[in-house]
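*Asks:* Below, each chain spelled out in residue letters.
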Amino acid sequence: MRDLKYKIGLLLILIGLFMPISMFAQDGGISGSLILDSLQKFWNNTSFANFEYKYLVMIFVGLVFIYLGIAKNWEPLLLVPIGFGILVGNVPFTEGYKIGIYEPGSVLSILYSGVISGWYPPLIFLGIGAMTDFSTLIANPKLLLLGAAAQVGIFATFIGAYAIGFTPEQCGAIGIIGGADGPTAIFLSSRLAPELMGAIAVAAYSYMALVPVIQPPVMKLLTNKKERVIRMKPPRQVSRFEKIAFPIIGLLLTTFISPSAMPLLGMLFFGNLLKESGVTERLAETARFALINTITILLGLTVGASTQADRFLTVDSLLIFGLGAASFVVATASGVLFAKIMNLFLKEGNKINPLIGSAGVSAVPDSARVSQEVGLHYDKTNHLLMHAMAPNVAGVIGSAVAAGILLSMLS
Amino acid sequence: MRDLKYKIGLLLILIGLFMPISMFAQDGGISGSLILDSLQKFWNNTSFANFEYKYLVMIFVGLVFIYLGIAKNWEPLLLVPIGFGILVGNVPFTEGYKIGIYEPGSVLSILYSGVISGWYPPLIFLGIGAMTDFSTLIANPKLLLLGAAAQVGIFATFIGAYAIGFTPEQCGAIGIIGGADGPTAIFLSSRLAPELMGAIAVAAYSYMALVPVIQPPVMKLLTNKKERVIRMKPPRQVSRFEKIAFPIIGLLLTTFISPSAMPLLGMLFFGNLLKESGVTERLAETARFALINTITILLGLTVGASTQADRFLTVDSLLIFGLGAASFVVATASGVLFAKIMNLFLKEGNKINPLIGSAGVSAVPDSARVSQEVGLHYDKTNHLLMHAMAPNVAGVIGSAVAAGILLSMLS
Amino acid sequence: MRDLKYKIGLLLILIGLFMPISMFAQDGGISGSLILDSLQKFWNNTSFANFEYKYLVMIFVGLVFIYLGIAKNWEPLLLVPIGFGILVGNVPFTEGYKIGIYEPGSVLSILYSGVISGWYPPLIFLGIGAMTDFSTLIANPKLLLLGAAAQVGIFATFIGAYAIGFTPEQCGAIGIIGGADGPTAIFLSSRLAPELMGAIAVAAYSYMALVPVIQPPVMKLLTNKKERVIRMKPPRQVSRFEKIAFPIIGLLLTTFISPSAMPLLGMLFFGNLLKESGVTERLAETARFALINTITILLGLTVGASTQADRFLTVDSLLIFGLGAASFVVATASGVLFAKIMNLFLKEGNKINPLIGSAGVSAVPDSARVSQEVGLHYDKTNHLLMHAMAPNVAGVIGSAVAAGILLSMLS
Amino acid sequence: MIILKINSWAELLFGAAIGISVVFIALAILVILFEIVQKIMIGQSKKKQRKAGKKSDEIVDTSANANEIVAISAAIHLFFNETHDKESNVITIKQIEKRYSPWNSKIYGLNNTLHR
Amino acid sequence: MIILKINSWAELLFGAAIGISVVFIALAILVILFEIVQKIMIGQSKKKQRKAGKKSDEIVDTSANANEIVAISAAIHLFFNETHDKESNVITIKQIEKRYSPWNSKIYGLNNTLHR
Amino acid sequence: MIILKINSWAELLFGAAIGISVVFIALAILVILFEIVQKIMIGQSKKKQRKAGKKSDEIVDTSANANEIVAISAAIHLFFNETHDKESNVITIKQIEKRYSPWNSKIYGLNNTLHR
Ligand code: NA
Ligand code: NA
Ligand code: NA
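In order, the protein sequences belong to chains A, B, C, D, E and F.
FYI, our numbering numbers position 92 of the first sequence as 92, with every residue one higher than the one before it.
Start counting at 1 in the second sequence, then tack on 411, and there's your number in our numbering.
Start counting at 1 in the third sequence, then tack on 822, and there's your number in our numbering.
Start counting at 1 in the fourth sequence, then tack on 1233, and there's your number in our numbering.
Start counting at 1 in the fifth sequence, then tack on 1349, and there's your number in our numbering.
Start counting at 1 in the sixth sequence, then tack on 1465, and there's your number in our numbering.
In short, the hints are calculated from the structure, not lab data.
Wrong hints could be hidden among the right ones.
So the derived label-pair ranges between C-beta atoms look like this [to be verified]:
#, chain 1, residue 1, chain 2, residue 2, range
1, C, 935, B, 475, 52 to 62 Å
2, C, 879, B, 792, 46 to 56 Å
3, A, 48, C, 1172, 28 to 38 Å
4, A, 116, B, 455, 27 to 37 Å
5, A, 117, C, 1055, 48 to 58 Å
6, B, 471, A, 310, 52 to 62 Å
7, F, 1497, B, 461, 54 to 64 Å
8, D, 1284, B, 721, 42 to 52 Å
9, C, 1055, F, 1505, 22 to 32 Å
10, A, 381, B, 689, 19 to 29 Å
11, B, 475, A, 278, 16 to 26 Å
No experiment lies behind these values; they were computed from the predicted model shown.
No residue lacks a Cβ here, since even glycine has one placed at the ideal position from N, Cα and C.
Next up, chain A with everything else stripped away, as it sits in the complex (with noise of 0.2 Å):
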C-alpha cells in the first residue's frame, strides 16, 4: 500500500539522519551509552515520561467539558475555553522550564495572574453590566427580593461547608458556589481560599450548565398545580430616567451597605450607565464585546489550566463538588419558597408565579429559560420569561452583595 510505503520511507530518512551523526559522535569521543543518556535525559522531560493517570482522568473532564460545550450547547462560551485550559494544564512536563501555570514567570502564570490579583471578574462584570437590560427589575421591583431570597443558598453552604471541617475563610469561598455566578466566585475565592479556586470555579461553571437539570425537579416539587399556572401582568414600559438613575442609586446603596462589593458592583452598574446613558455608546459596545470577550478568554483558559491534577484531585474537590450541588438545590428552593411567602400578602392579580424564583440564582439567563420552560409545561400559553428576567438579574446583584459581606467579615 501507499501509506505503508511511505511510512517506511520515513523511517529510512531518520535512520539515514542518525548514522553520520552518531558515527561522527563516536569519533568525538563520545560514548555509545551517552547517547543512550541523552536520548533517555529527552526521553525524561517529555509528558510520556512524567506522564500518571491522574492527568488522563483531567484531560477527560476536559474533553467532558468541551464535548458538553460544543454537542450540547451548555454555556459554550465557559465550558469550551475551561475544558481546553484543563486539557493545556493537564499536559504533564518537568518543572524548571516555565511552562506550568504555577511556575513564576511561564506564560500561563502571567495571565493567570489577573485571576489571582482579581480584576478579570470586575471587567467581566464591566461588560456584563454594558449587556444586561434592568427594565423589568424597575418595572418591578418587588422582584428583587427574590434575588435576595436565592443567596440563601451562599449562607447555607457556608455553614454546610463549616460543618464538614473547611476552615472559615474556605467556607466563604465555597459558599459562593450557590451564588451561581462564575466572576463572583473567580473573585471572592482569589481573595479568601486561593489554594481552591480551582475547584470553586469549575464546580460553580459546571452546576451552571446543569441549571437546566438540577432546578426543573426543585421547582416542581415545591409548588402545586394552582400556583403553576399563575398569571403575571406584562411589565409597564420603563423611561429613560428610570434606567439612568438605577445604576447610579443601585451603586449607591449597595456599596454603602457593602463597600467590599465595590470591585464587582461599581463595575456591574459602570457598564449599565455606558449602556443606557445614550451618550457613552461607543464605550459600552467595545465593554460588552471586545474586552469581556478577551478577558472570557483568558479567565477561561487560566481558569481551566490551575486545575493541574496534582492539585486538583483531591478530597476537598470532591467535597466541594457535593457542597456546591447541594447550595444550587437550596438556592432554587430559597427563590421558589419566598414566592410563595411573598403571595400570602400579596392582593389576587398581583401574585408572583413562583416559578420564576428559582430564576434568582442568577446563572443568567439559563434558569430564566428554566422558569419559562417549566411554566410553559403546565400552561401552554403562559410565558414566564420576561417576568423570570428580573430575579435572574437581581440574583447577579444579590450574590455580588453577598460575596462582598463575606469578604469583610472573613479577610
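Chain A is fixed; fit chains B, C, D, E and F with the ligands onto it per the hints.
*Replies:* For chains B, C, D, E and F with the ligands alone, coordinates are given in the frame of chain A:
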C-alpha cells in the same frame, strides 16, 4: 395597601431568621453583648459609619459630571466615566480590605497603575492619531503657529502657579492644564506631581467641557467686527504622499527637539501613519476603536476614583481650579492675538480669521466648533470649521511638545 | 514674498519674548553666562546634541521598512509598525528621563515587557489559530511532513551559528530564524538570548518579507521541468468533526512530545478550536481581530524600538543577518527535496509537486503564494495554492515544536 | 479587620444570619426606593395625561398597552426560534458606525469622509 | 535541567539530530493519526451511502466533486483579484451580530430590542 | 539631569521663555518643511498638467475646485445635523471586512469562505 403588606412580610421574615439563631447563639455561649458588639462592628464597616460630609460633596460633583455629560452632551465620553469614577472613589470604606484606589492590591489600584506609570495616555494618543486627519494642516502649514501660540497658556500658568507657592515640578504639572489636552495633562502630572493628578485631571476635563462657555467672550473681546468676518480660501486637496510623510517628518522633527515628548508624540504619529498608510487599516481600526475605548473606560473611571475626598478636597485643589480657568483664558487669548499678529505680515486674501486662533488650545474638536459658531454669528455664510481644525490638531502637537520640554526641565 | 514676511514676523516675536525676560533675568542676578549655560544644557538634552551617525543608519533602515511595507505592500502589518518602531527607538536622547526602551519605567519599556516576558507571541498565536483553516492539511495529512522537513533550516543554522562562535543558547535563538515565523522567533529569543532579540526579530521579519525574492531561485534549481508540472488531486471536503478534533488531538500530541512548546501550540490550537467549535465565534472574532491587532501594534512598535543603534549595530547583528539568509535557503531546499524523496514512495497520481515543499517554511501565506506563482509559470492552469497551504500551516506547527525542543535542550 | 472572629458554631451561624439579612436589607431598600421612583413617575405621567384631557381609567391601561404585548410575544417567538438576526444586526451596525472619541469627536468622522 | 550540556561539536550535532528527528516524529504521528481518522470517516460515509443504495464508484468521486472544484477555482479567482469584499463582509456582519455572552446570553439581546 | 535648577523667579521666567520658544521653533520648522514639500508637490503637479497641455490659470483653480467646495458644504451640513450615518456606516463595514493579519493573510479569508 398591598405595598405595606409585603414590606411587613419582609420584616417578619427577617425577624424569623434572626430568632432561632440568636437563641442558639445564647445557648452556645454568645452573650447578648457579643451580638450587639458584632452588629456594631458590622456597622462600623459600612459606608454609613465611615461617612463624612466631604464625601457627599464629591458625590454631588460626580453627579454633576454625569448630568452634564448626559443631559448637556458635553464631552460625554469623558464626563460620564469620570463622574461615575468620582462616585466609586467616594463611597466611604474602612481601610484594610483592598477596596480603595490608594490601597495596594485593590482592583482599582491595579487598574490605576496604568495612569500612575503613564502608559494609558500614550495609548489614547495612538487612537487619536489613528482618528485624526491632518489634511487641513498640511494644506495650510502656517496655521501650525496658532497651535504653538495657544501654548503660552501653559507657561503663563506655570509662572502663575509658582507665584502662588507651588514647587517648580507642581507648577509644570499645573501649567499643562492650559494645554487643554486630557491625556497630556495626566501623563505629565504622573511624572512631575502625582499627588496633584486628580485635581489636575478633573480641572483639565472640566474646562475642556466648558470650552463653549469660556472661549466666546474672550474671542469677542479681542477681535473687531471686520476681523470676525474675514473669509479664508478653502484648503487645497492634499496628496497621499504628503499625508504619509506628515507623521514621519513630524515624529523625527518634534522628538529631535523634545525627546521627552516621545511617548505622546511617538504614539500620536504612529497611529496617524497606521491610518494614512492605507495598508494597515486593520491596525488603525483597532487603535481607534477597541483599544482607545478600553483605555478611555479605565482611565476615566480611575482618574475619577482618584478624587477620594480626603485627598482631593484641599486648598491646593481649589487653587488648581482657579489657575486652570486662567490658563484657558490666556491660551484662548494668545491664539486669537497671534492670529492678528500673523495678519500683519500676510497680504490681503491670505489673511487668517482670528476667530480660529482660539482653536489652537486643542480641546479637539469643541474649540474648533466654537470658532465655527462664533464666526457664523457674525456672518451666516462664513464656515470656519475646516480652517479651525488646523490649529486645533496643531494644538495637540504643541502641548505634547510643551509637555516634553517641561519634563526635561523639571524631572 | 508673503512667506518670508511671516517668517520674519515669527523671529521678531521670538526676540520680543526673550528680551524682557533676559533683562529681568539680569536684574534678578542671573549673569549672562548662566543664560548661555542653560541654553547649552537645553541643547545637550536634544537629540541633535546626542546625535551620532549610527542613529541615522537605523533611521534609514526604518524608512526602508516603511517604504517596503507601503509601496511594495510586503507584509505591511509587520514592516510598517517595526519600521516606525525603528524610528522611535533611534531618536537619540539623554539617559535618565525614562524615554528609552531600555530605561526601566519608561512607557516603551513597559510596553516592551510583554515581549521580554514572552506573552505577546502566544496571544498572536491565539489569533492566528482563530484565523487558520487546517482543512487542506486534514484532507491530506502526509503534507504535514513537508512542514517538518523545512525545519531542517532551523537546525542547520543552529549548527552554523555554533561554528561562527555563538554560545549554544544564542545558536538556538539564531537558528529559529529559519522557522520563518516571527512570534516563534521572538518567543524563543526572549527565553534563550534576550540580548540578540532585536537582531533576530528584524532578520526574521526582513526575510519573511523577502520570501518572494529568496525562494524562487532555490525552487527552480532543485526541480526539473517534469516535477514542476505535477498536478495534484483537489483536496477532499473535511467534516466538521475532523476540524474540531484536529486542534484537540494536535495539542495533546505535540505538547506531550514537546511540552516546552505549550505557550505557542496551546494558544494556536485554542484559537483554532474557538474558530471551529461553531459555538464560540464571538470569542474567535475578538481573538482574530481586536486582540491580535492590539498585540501586533505593541509588538511591532517595541521590537522595532529595541533596535537602538548603540546596541543593534554590532558585528553580531551582521552575522545574524547572514545566518538568517542561509537558513531561509536551507529551509526552502529541505522542503523541496523532501517532497522529491516522498515522491519516490508515492504511486503515480498521488505524487506531490515539489514546488509546494518550499511552503513548509511557514511565512504564511507568502511562501504558499510563491509556490502558486512559480507553478503557474510552468503550467498556466496548474493552481498549487490550495495544496501549498497545507505545508504552509504545517510549518507553523513544525517550528513551534522545534522551538519547544530547543528550549528544553538549552534553557 | 475581622468583624467576627469565627471560633465556634454559634459565631458562624450568627455571621451567616447577618450575611443573609444584609443581602435582604440592601435589596429591600432598593425595592422601596424604586417603588417610590415608580410612583413619582406614574404620578407625573398621570398629571400630564390629565392635562391632555384623558380619563384616568385609560391611563392605567397604558402600562400594558397593545404594542407592549405584541413586542413581548414577538420577543418570546424570537427567543424560541433564535432567529433574531436581522434586529441585532441593525443595532450592531448602528453602534459601530459612531467613530467618535472624547478627544476627537464627531467632526473627525466628518473630516475623514471629506478627503477620501 | 539541561538535557545535553553542550561542550563539544559532537554534542551539538547530536542535539541537532535529536531536534530535527523529534520534529519529524511528532508530525509523523499526527499524519498517521489523521490518516486513521480519515479512513474511519470515509468508511463511515461509505457505509451510509451504501445503505442509501448508491454504488461505490460514485462514492469515490464525492471527495472531489464538481462543487468543490468550482469553489476552488472561485477562490483562486478571488485571490488573484483580491476582490472578495462582499463575502467577507457578510461573514463579518453575521459574526458581529451575535451579542451574546456566557453570563448573559441570547435572551439579553432580545430584551434589548424590546424596550428601545 | 535638571537643566535649570529653579531657585529663583529669574530662573523660572527664563525656563518659561525657553519653553514657549522651543514650542514655537519646533512648529515653525515643521511649517517651513511642509511649505517646501507643498511647493515641490504643486510644482510637480503643474509640470504634469503642463505636459498634459493645460493652461496654468486653470491649474490654480484645482486646489479649490467645485467638488471640494461641495464636499465642504456637505460636511458642514452633516456636522450640524449630525446625521452622517450612512457614510460612516459604509466606511466601518469596509474596514471591518478585512480580516487579514501579518502572519496569516488574504488567502486565509479566502480559505475560510471555501469550506463553509
Ligand atoms: Na446569584
Ligand atoms: Na493643546
Ligand atoms: Na516554520
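*Asks:* Does each hint fit the structure? Answer for all of them.
*Replies:* Structure-based check of each hint:
{"no.": "1", "hint": "C:935 <-> B:475: 52 to 62 Å", "in the structure": "violated, 39 Å"}
{"no.": "2", "hint": "C:879 <-> B:792: 46 to 56 Å", "in the structure": "holds, 54 Å"}
{"no.": "3", "hint": "A:48 <-> C:1172: 28 to 38 Å", "in the structure": "holds, 33 Å"}
{"no.": "4", "hint": "A:116 <-> B:455: 27 to 37 Å", "in the structure": "holds, 29 Å"}
{"no.": "5", "hint": "A:117 <-> C:1055: 48 to 58 Å", "in the structure": "holds, 54 Å"}
{"no.": "6", "hint": "B:471 <-> A:310: 52 to 62 Å", "in the structure": "holds, 55 Å"}
{"no.": "7", "hint": "F:1497 <-> B:461: 54 to 64 Å", "in the structure": "holds, 60 Å"}
{"no.": "8", "hint": "D:1284 <-> B:721: 42 to 52 Å", "in the structure": "holds, 48 Å"}
{"no.": "9", "hint": "C:1055 <-> F:1505: 22 to 32 Å", "in the structure": "violated, 57 Å"}
{"no.": "10", "hint": "A:381 <-> B:689: 19 to 29 Å", "in the structure": "violated, 58 Å"}
{"no.": "11", "hint": "B:475 <-> A:278: 16 to 26 Å", "in the structure": "holds, 18 Å"}
Hint check: violations occur at hints 1, 9, 10; the rest are consistent with the structure.
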